[in-house]
Amino acid sequence: MNELIPLMVIVPMMAALLLSAFSKFNKVIKCLALVVGICLPIIPLASNYGLHFFGGYQPIMDNVTNVIYHPAITYSFDFMQQIFIAMIGLLTFLVIFIYLTKYKKASGSYLFLLFMGTAAVTALILTDDIFHMFVFFEILALAQVGIVAASSIDYSYEMALKYMILGAIGSPMMLLGIGFLLAMTGTVNVTDIVSIIRGGLLDVTSPVFLLSLGLIFFGWLYASGLPPFHTIKSGIYSKAEPHGAALLQSFTVISMISIVLIMFRIYSTLPIFEVLVVFFSVVAMILGVSMALTQTDFRRMIGFLAVGELGFIGLGIGLGTQYALTAGLFQALNEIVITALLFIGFGAIVHATNEVDTRKLGGLLAYHPKVGIMLLAGGLAMAGVPPLSGFQSKLMLVQASLSCGYPELSILAIMVSIATFVVFVKTFYSMFLSPKPHDLEVVDNEVPKAMVFAMAVLLIVIIALGIFPDVVTSGNTNYVGGLLP
Amino acid sequence: MMAETQLAILFTSIALVVIGLYAAIFVDNIIKKIIGISFIEEGANLFIVGIGYKAGGIVPILMPNMNTTWFASNASYPLPYGLVLTSIVIGASTLAVMLSLVMVLYKKYGTLSTKEMLADTSKQEEYNE
Numbered sequence: 007m008n009e010l011i012p013l014m015v016i017v018p019m020m021a022a023l024l025l026s027a028f029s030k031f032n033k034v035i036k037c038l039a040l041v042v043g044i045c046l047p048i049i050p051l052a053s054n055y056g057l058h059f060f061g062g063y064q065p066i067m068d069n070v071t072n073v074i075y076h077p078a079i080t081y082s083f084d085f086m087q088q089i090f091i092a093m094i095g096l097l098t099f100l101v102i103f104i105y106l107t108k109y110k111k112a113s114g115s116y117l118f119l120l121f122m123g124t125a126a127v128t129a130l131i132l133t134d135d136i137f138h139m140f141v142f143f144e145i146l147a148l149a150q151v152g153i154v155a156a157s158s159i160d161y162s163y164e165m166a167l168k169y170m171i172l173g174a175i176g177s178p179m180m181l182l183g184i185g186f187l188l189a190m191t192g193t194v195n196v197t198d199i200v201s202i203i204r205g206g207l208l209d210v211t212s213p214v215f216l217l218s219l220g221l222i223f224f225g226w227l228y229a230s231g232l233p234p235f236h237t238i239k240s241g242i243y244s245k246a247e248p249h250g251a252a253l254l255q256s257f258t259v260i261s262m263i264s265i266v267l268i269m270f271r272i273y274s275t276l277p278i279f280e281v282l283v284v285f286f287s288v289v290a291m292i293l294g295v296s297m298a299l300t301q302t303d304f305r306r307m308i309g310f311l312a313v314g315e316l317g318f319i320g321l322g323i324g325l326g327t328q329y330a331l332t333a334g335l336f337q338a339l340n341e342i343v344i345t346a347l348l349f350i351g352f353g354a355i356v357h358a359t360n361e362v363d364t365r366k367l368g369g370l371l372a373y374h375p376k377v378g379i380m381l382l383a384g385g386l387a388m389a390g391v392p393p394l395s396g397f398q399s400k401l402m403l404v405q406a407s408l409s410c411g412y413p414e415l416s417i418l419a420i421m422v423s424i425a426t427f428v429v430f431v432k433t434f435y436s437m438f439l440s441p442k443p444h445d446l447e448v449v450d451n452e453v454p455k456a457m458v459f460a461m462a463v464l465l466i467v468i469i470a471l472g473i474f475p476d477v478v479t480s481g482n483t484n485y486v487g488g489l490l491p
Numbered sequence: 005m006m007a008e009t010q011l012a013i014l015f016t017s018i019a020l021v022v023i024g025l026y027a028a029i030f031v032d033n034i035i036k037k038i039i040g041i042s043f044i045e046e047g048a049n050l051f052i053v054g055i056g057y058k059a060g061g062i063v064p065i066l067m068p069n070m071n072t073t074w075f076a077s078n079a080s081y082p083l084p085y086g087l088v089l090t091s092i093v094i095g096a097s098t099l100a101v102m103l104s105l106v107m108v109l110y111k112k113y114g115t116l117s118t119k120e121m122l123a124d125t126s127k128q129e130e131y132n133e
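Residue numbers (our numbering), protein chains in the order written: chain A, 7 to 491; chain B, 5 to 133.
To be clear, the hints were calculated from the coordinates, so they are not data collected in a lab. All C-beta atoms, glycine included, are put in the ideal place defined by N, C-alpha and C. Fair warning: there could be bad hints in the mix.
As the list claims (entries may be wrong) - Just so you have them, the derived chain B footprint on chain A, three or more residues with Cβ under 8 Å:
| hint | region |
| --- | --- |
| 1 | 165-177 |
| 2 | 187-200 |
| 3 | 235-245 |
What the hints assert, rightly or not - Residues of chain B clear of chain A, computed beta-carbon distances all greater than 10 Å:
| hint | residue |
| --- | --- |
| 4 | Thr16 |
| 5 | Ile62 |
| 6 | Asn78 |
Full structure from sequences and hints, please.
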């Protein structure tokens with residue numbers, strides 16, 4: 007059913023608008039949000055792979071040049087899109103479930119932002135049109151800012167404005183890059199641009215083409231939170247509600263892979279592209295984990311670890327082989343699930359103690375053993391401990407670096423994984439195993455059941471992907487094969 | 005003539021982007037920063053409008069009885085105009101959100117200076133620790 011492809015964007019977007027319009031009717035918006043949340047992971051699983059041309063405008067063959075042009079915005083739906091959209095749908099459902107059970111009075115505006123963000127990342131990953139990508143990149147940035155500003159955490163407005171100002175510099179740069187591409191090719195359809203490049207109709211060594219790469223790359227760095235934007239990215243995670251942060255990090259990962267895959271298709275003929283991606287990824291890995299080591303606020307620590315994990319994804323994509331790209335995409339999927347589990351788990355601890363400083367916490371395993379064990383499993387998965395999913399993707403990345411002839415990158419990846427393990431074990435020890443400080447009050451002995459349920463679901467996914475990685479990697483390998491020149 | 009007009013557009017958009025970047029990075033007043041950001045956005049929009057410009061071209065609307073071959077060779081390229089319209093709308097929304105955040109922060113700090121806001125924030129964070 008290819009008709010379902012646009013519905014993956016339309017359903018959350020319509021839900022967002024309706025939730026905002028009927029925000030006064032608490033029960034109505036709660037029911038609507040829950041029903042749409044359940045539908046989100048089901049729609050991509052029920053849909054067939056294929057293309058959707060908006061307005062029904064099919065591709066046109068130019069009889070003179072024998073080149074096919076796409077006059078309409080095109081959505082491309084394959085295994086990779088299916089698995090990521092289903093995962094983001096599942097995560098949106100879990101986050102909405104936590105939100106609705108936490109607050110008696112739901113905010114239509116907040117639900118609007120959550121659904122709008124989901125619609126934007128879904129469109130980002132589906133689109134085959136570079137300007138359409140820019141539009142949803144902007145909508146996503148606005149939704150992210152809204153989610154941060156809507157939280158009740160101190161200085162969330164300041165952080166939201168900082169993120170917005172940086173975004174307002176990053177997005178016009180990306181727009182200029184798109185403008186240069188449009189000026190050179192006359193189109194904004196990625197498939198058309200790629201066929202023009204592969205057909206030799208464009209000089210890929212021209213300075214204008216390189217400039218367009220630089221400008222779009224700058225926008226990508228902002229969207230992904232790679233250096234120099236790593237501090238602001240981890241900052242917005244720490245200023246959002248924990249369930250909101252779980253969703254925000256998944257938005258970041260999806261926007262990162264969506265934009266980089268489009269750039270990969272257009273610029274992979276330039277060796278500088280792969281060098282740039284690997285360079286910024288390596289810097290992100292090192293900076294992410296080293297800054298996480300010094301944090302005492304555990305939300306900020308997870309934020310920096312998430313940035314370090316983004317570096318692993320970039321490493322896979324930057325290496326550029328079929329195996330490395332598959333590993334990078336698998337790592338992206340794992341990061342979405344693992345980091346979401348960690349944010350929700352630490353959110354449960356904030357709920358129970360009203361404290362975010364690891365130095366002021368301790369002895370929580372006696373109070374919250376379920377949360378502690380699931381957090382430990384999540385942390386070990388992030389560090390790449392077998393048999394969890396993080397191990398499988400990191401092993402693939404190490405093998406990919408070795409097979410590409412970069413043993414130093416393999417060593418670096420292993421060292422960063424060990425450092426991640428150290429950071430997590432140190433934090434886990436001080437929060438759960440060390441003696442409970444006398445002045446620490448456990449204000450709530452019960453963490454919300456919705457949070458425990460969400461963590462359990464995510465942990466099942468982590469274990470399942472760790473034991474059966476082929477479910478994802480075989481499909482992704484075929485998809486990636488189609489991207490390579 | 006084409007080269008002259010397009011060069012003028014290109015240089016104006018570069019000037020807007022550079023002035024905007026300077027204001028966004030170096031100016032302390034947050035409203036001026038936002039004005040700078042608008043300059044960057046408008047510079048990008050102007051550049052894209054310039055792409056669609058055709059010297060002596062006609063408006064890209066196909067009228068009845070118009071020869072399509074003549075129309076195709078004389079009309080300016082409409083795609084950039086469509087893109088710029090969308091971009092202007094996005095820019096306006098971004099601007100509105102930024103200004104509303106500034107209103108909230110002005111009520112909180114009583115100043116529009118980013119340095120003073122940052123100094124206040126770090127003092128408060130030190131106090132919390």
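Going through the hints against the structure:
no., hint, verdict
1, 165-177, "holds (count 8)"
2, 187-200, "holds (count 5)"
3, 235-245, "violated (count 0)"
4, Thr16, "holds (14 Å)"
5, Ile62, "holds (18 Å)"
6, Asn78, "holds (16 Å)"
Taken one by one, the earlier hints fail for this structure only at number 3.
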